[in-house]
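Protein chains: 4
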Amino acid sequence: MTHNVAILGASGYTGAELVRLIAGHPDLHIAALAADRKAGMQMREVYPHLGPLDLPRLVTIDEIDFSQIDLCFCALPHATTQAVISQLPRDLRIVDLSADFRLRDPAAYEKWYGKPHAAPELQKEAVYGLSEFYRDEIRGARLVAGTGCNAATGQFALRPLIQAGVIDLDEIIIDLKAAASGAGRSLKENLLLAELYENAAGYGLGGKHRHLGEFDQEFSKIAGRPVEVTFVPHLIPASRGILATVHLRGEADQIDAALRNAYEAEPFVHMLPFGSAPSMKDTRGTNMVHIGVAGDRRQGRAVVIATLDNLCKGSSGQAVQNANLMLGLKETAGLTGVALYP
Amino acid sequence: MTHNVAILGASGYTGAELVRLIAGHPDLHIAALAADRKAGMQMREVYPHLGPLDLPRLVTIDEIDFSQIDLCFCALPHATTQAVISQLPRDLRIVDLSADFRLRDPAAYEKWYGKPHAAPELQKEAVYGLSEFYRDEIRGARLVAGTGCNAATGQFALRPLIQAGVIDLDEIIIDLKAAASGAGRSLKENLLLAELYENAAGYGLGGKHRHLGEFDQEFSKIAGRPVEVTFVPHLIPASRGILATVHLRGEADQIDAALRNAYEAEPFVHMLPFGSAPSMKDTRGTNMVHIGVAGDRRQGRAVVIATLDNLCKGSSGQAVQNANLMLGLKETAGLTGVALYP
Amino acid sequence: MTHNVAILGASGYTGAELVRLIAGHPDLHIAALAADRKAGMQMREVYPHLGPLDLPRLVTIDEIDFSQIDLCFCALPHATTQAVISQLPRDLRIVDLSADFRLRDPAAYEKWYGKPHAAPELQKEAVYGLSEFYRDEIRGARLVAGTGCNAATGQFALRPLIQAGVIDLDEIIIDLKAAASGAGRSLKENLLLAELYENAAGYGLGGKHRHLGEFDQEFSKIAGRPVEVTFVPHLIPASRGILATVHLRGEADQIDAALRNAYEAEPFVHMLPFGSAPSMKDTRGTNMVHIGVAGDRRQGRAVVIATLDNLCKGSSGQAVQNANLMLGLKETAGLTGVALYP
Amino acid sequence: MTHNVAILGASGYTGAELVRLIAGHPDLHIAALAADRKAGMQMREVYPHLGPLDLPRLVTIDEIDFSQIDLCFCALPHATTQAVISQLPRDLRIVDLSADFRLRDPAAYEKWYGKPHAAPELQKEAVYGLSEFYRDEIRGARLVAGTGCNAATGQFALRPLIQAGVIDLDEIIIDLKAAASGAGRSLKENLLLAELYENAAGYGLGGKHRHLGEFDQEFSKIAGRPVEVTFVPHLIPASRGILATVHLRGEADQIDAALRNAYEAEPFVHMLPFGSAPSMKDTRGTNMVHIGVAGDRRQGRAVVIATLDNLCKGSSGQAVQNANLMLGLKETAGLTGVALYP
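Chains as they are written, first to last, in full-length UniProt numbering: chain W, 1 to 342; chain A, 1 to 342; chain R, 1 to 342; chain L, 1 to 342.
Treat the hints with care, since some could be wrong.
[To be verified] A few chain L positions that, by computed beta-carbon distances, are all more than 10 Å from chain R:
id, residue
1, G24
2, Q68
3, K115
4, R139
5, R210
6, R240
7, S276
8, L329
9, K330
[Said to hold, decoys possible] A few chain L residues that face chain W, going by a derived Cβ cut-off under 8 Å, partial list only:
id, residue
10, K177
11, G295
12, R298
[Stated by the list, open to error] Below are the DSS-like pairs computed for lysine-lysine, each with C-alpha atoms no more than 25 Å apart in a straight line:
id, chain 1, residue 1, chain 2, residue 2
13, A, K188, L, K188
14, L, K330, A, K188
15, R, K188, W, K188
16, R, K38, W, K188
17, A, K38, L, K38
18, L, K208, L, K188
19, W, K38, R, K188
No lab work stands behind these hints, which were simulated from the structure alone.
We put the beta carbon where it would ideally sit given N, CA and C, even for glycine.
Looking at chain W on its own, in the form it has when it is part of the complex (with noise of 0.2 Å):
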C-alpha cells in the first residue's frame, strides 16, 4: 500500500534531499509540495537536478488538503516550525526535521534557542528521532522529532559507550568537521565557494553551538547523571558531511568492543576493522554511519572517528527511516543506496 507524504519546506537542501529518496521509495508517494516563498513554481524551478522527476507543484501550506496526507515531513526553518505545526491536524502524523522539538525541557529550550517555546505542549509530546535508540517510541509516536546532524555524528559515536559505562563521563571531547551544506542553503558570506574553498575554520567556540542542548539531554538521559561534552565544529570545504573525532579517556579495545555490540544487527552503523579512520566521502548520499576505533599510544585513551552525510543520515535520511517506522513499513525501505565514490 502506498502512502502519501506532503513535504513542507520543500524548497531547502534537506527538502530536495526528502524529494530525491522518496522518490525511489517503494511505499511513499509525493502528494503535496510546500514552499511558501516559491509556492506556484515547479521543483524544477527551484532545483533544475529534480526536472526528470514527476512532482506536484509547489503550494503554499494553507492549500494542502491533509485529509488526504498520511505523514507530513516538516523542513521548515528553526521556530517558524512551532507555529506552523500547531496548526497542523492534530492526527497528522509529522516528521519535524527543525529544532525545534528535540529538547524536552522547556527551559533547555529557552537556554539554547533565546526565547521561550510557542508550543510547549506538543514539545512533551514530540519522541527524539535518532531511529536506532528509540525505535520503540518513535513506532508509535505522531510528532518525531529529528535530530541535529551534527548531534546525530556524536551521540553514534558516544552512547553506547556511556551505556557500557565504559569512558569516563567528564573526559569527553568531540571535535567536528561539517560540509557547507549543514548551514543550509543560506546566504552567507562564509559559505561562498570564494571563501571556503582552501579553508578552514572552527566556529561556535566557547560552548556555545545549540546541539549541545542536544548533547546533554540525551548523555545525561542515558548516564543517570549530568554530561557535559566539549564539542568544537569546524567548516570544511565540502558540500555534504560530516566526521567527528572523539576524544575520549577509556580502553581502546573495550570501546571497540561496545560499539560493535550495540551496532551489531544495525543495518545503517558500520564499523570499521579497529584502528581503521573512516572516509567521509564513503557515506555521501546514504542513510550509513561509518565509524572507526583507535587507541592512542597512551594507554587508557582512545579515539572514535564517526562520519554520517549530513543531509541524508543527519536529516532526510533519518526523517525517511522514521516515517518508515511509524507507517509501519520496513524500516530500511527506499534507503539502500550505496555511497557515490568517488
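Following the hints, complete the assembly by docking chains A, R and L onto the known chain W.
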C-alpha cells in the same frame, strides 16, 4: 528472474560504479568480481564505501566459472581488454567499457591507438554501445562496446542535429569540461588534488584526443559523408561530470526542435527550457543527460550544452542500460536514481 | 617618493586585493580606505587575512581629505560609481575598477547596462585601462577605466591577431571558464560552495554578457570595421582565475608568431611553447597572463588559450599597473610576485 | 650584498616554494638548482608557473660548485638527505627541510624513523629550526633542521603555554587538519582530487605520526620532564594549509595572556581577539601563524587554534627565515607578502 553477472576489472572507478548500480538493480546479481592485482582481497578493502554490501571476494579472471555467468562486464584497461575477451567463452554476453571495440575500422583503430588491433574478428562483431541510438542492435548483440565518456556527451548533443540536417557539418566545435575521474584511478601529477584544485587546463590540443575517432566514425556514418569536428577538452576541479559546450552554425530554434523531437520519449535525456544552461552537478550519480540550447546574438549561430556523469551515463550506467537491453529487462531497471544535489 | 592613495570600496574583493598589492608596493602608501556600510570598522574585521597589516580605519568617502591623495582607486559597484566619481575633485587621478567608464559610446553603454549614463562627460574623458595596449594614453590620463576581467582575458588572446590580420574576424568564439570571485563577494545561491563544488555551468547565454560591449568596442576599433564575437562564459569551482579558450580560423603558426611578436617585450605576458595548454593556477595571485597556441587537425583552424587571475591582472593588479603608469613609476612596481602553486 | 644560494631537491613542492620566495627576496640570489632525476630540464618544464622567472637550469648535485654558494637549502626526501649532506663541504651553511636532523637523540630517531641514523655526528651539530624559539642558536648555526609542518603548527600553539605553566601537561590533545600538499608531490591514491574532493579522514591513528617525535623532544625539554601529547591528524580537501585545534586543561584567559605575551613582538605570529576562530586561508602563501583562543562552557578548559601555510611558514618560509638569521640579514626579508584571499 535474477541474472548472474561478473565484473572484470572491479577495482577501478568504473568497476566500483558498476557495483554501486548493480547493488540496487532488481534483476542483476553480482556473482563474481575479478581484479588480478588485488585478487584475494575483499572489495571493501579497495573501496571502503562498499563496506556495507555483501559481495564476493575479488578473484583472478581465471578463477571465474563463466558457465554460471549470464553477462560479463569488462572494465579493464585499454589494450589488455582485447587479449582478455579473446579468451572468454564465445557465447558469453559481454559489455565492454574499454576503448578496444569502439572503432569498427581496423585502420581507424590503429590510427588513434597506435598499434594494430589484436582481435579484429571481435572488433567486427562488436556493437557500438550508445544505447539510445543502437537499441535494436544492442538487444541482439553478444559483445557491446561502451562509448568513451567524452564521446558520449558530444554525441548526445550532436547526433539528432546531423540526422535532421539543421547544422553546418564543417563548423562543429566541441569545447568540453571534464572531471578528474574520467582519467580513472591513475596516479598522475595533474590529477593530484594539490595540482587540480583551483585549476583548469586544456589537454590533448591539436586534435589528438582519441575520442575523435568515435566522433569521426559516428558522425560520418549519420551524415553519409566525412565529418570532422574540432574537439578541445579541459580538465576542471571536480571528481565526476562532463559538460560539453558545442558551438554550431544553424538556427537555434531548429536545433532545439530537432533535439526535443529526438529525445521526446527518452527516459534518460532531459531537455531544459530553451535558453537555459544545464549544470553539471544536476546529473551527478545518475544515468541522465541534461541538454540546453541557446542562440547567439548573431543569427545562424547557436550553442548546445550537454552534461552527464562520466562514470555513470558516460560508462557504467550506460553499461547497465545496455545489459538491460541484452538481457531483455526493462531498459531503465536499476538506473532510476535521482541526482545527488547539492 | 611615496604617493598617497585612497581606495574607495575597500570592503569588496577587488578592494582587498588592492590592499594586498599596495602593501608590498615600494612607492605607494594607503592613506585612506572607504567603505560606506562598514565605515568605522578596521579592515581586519572585514578581512582577517589583512590582520597583520597596519592600515587606516574604514571611513565614508565624505570623510576623506582628497587634497592629501595623489591617486584614488575606485572599487565601487557598477552604477553607483558614476555618481561618486562625479563628486570627486576634478584634478584627482582616478583608477576606476567598475564597468561604468569602459564604454566610450553612450549608446553602447545604454544598450549593455540598460540605462543612460549619468556622467557622459566623464565617460568621454576616461581612458580604457588595458595597460599593454593603452600605455601612452594611460600615462597622461586623469581617469582610467579598468577593463572587465573576462574582457581582459579575451583581448590578450585576440588583439594582436586582429591587428596582424591573421584570423577570420567573423569566426571568433570565446569559450571562457571563470572562478567564483569574478562575481564579487555577492550573496547568490549559485556562488555557494555547496552549489558550485563539483559543478560547472554556462551563463549569460545568447550573447547577453555585458563584457561583449567591450569586445565590440575594442575589436571593431582595431579592425576598422564592426567585429562581433561569440562569447560563452562558464562558472567553474575555483575561487580565482579565468581561462579563455578561443576557437579561431587562421593558421596556427601565424597566430603563434603574431602573439609572440606582440608580447616579446611585455613583462606580464608569458607565451608557452607552441602546442602547450596553460594552466589557470599558474597565474594565481600574479599580474601575469599565460598564453598557449595550438593548431587543429584541420588546416586553417587554431585555438588560443589565455589565462589570468581575475582579481589581480583582471582587475586590481591591472589597476596598480595603470596607477604606476599614471604616476610615472616603474610599470612593474609592486607587481612582481610569483604565482602561488600548488 | 647579495648572497648566492643553492636549492637541492628543487623539483618538489618545498623546492618550488623556495624559488617563489627567493625570487622576491632582496638579498638572496638563486645560483644553483639541483634535482637529480630532472637534471638538464628547465625549472619551467617542471613548474610552468615559474616560467616568467630567469632561473638556472636544473643540474645534479655533483655539478654544483659549492665554493660559490653562501648557503644551501636542502629540500630532499627523508633518509637520502643524510647521505647527501654528509658529502657536502663541512663549512657550507645548510638549511635542511627534511626530517633527518630534527631529532637530537639517535634513539628517538631510530624509534620514529625505523632505522639508525647514518650521520649521527651531523645530527648532534644540527639546530632545531623553529625560528621564533631558537633564534640565537640558529644565528650561529651551520646546519639548521627545519621542523615538520604539523609539528610547527602544534608548537606555536603550545610552547608558550608549557613555558608559562598554565596548562595541564598530561591533557594535551592536538586535533589537526592538513591540506594535501603536506604529503608532497607524491603519487598516492588518497591524494587524487577524485578521492579527496568532498572528503575528510583521519590518518596515522594510534599515536604513530612521526611528528610526535618532535613534540616529545621539544615539549619535554621545555617542561623539564616527559610530556606526551595525543595527536590525531586529518587530511582535508585543500592544497595548502594546516589548522591545529588544541584541546587543553587550563584557564582560557591565562592561556590567551601567555600566548599574547610570548608573541607580542613577533612579526610572524598574529593573535586574534579572544574567542575568535582563525581561518586557514587567511595565512595562505604567507609566513604568518594566526592563533585564536577560546574557553569552554566548563571552567578550566580551553581551546587554542593555530593555523599556517604548510609549504611556507611550515617549511620553505621558515627555511628562508632561518637563512636570514644565519646570514645576518633582516629576519623578515623576503617574507612580508600578504595572504592570497579569497
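Original post:
Okay, which hints does this one fail, numbers in order?
Top reply: 1, 6, 7, 14 and 17
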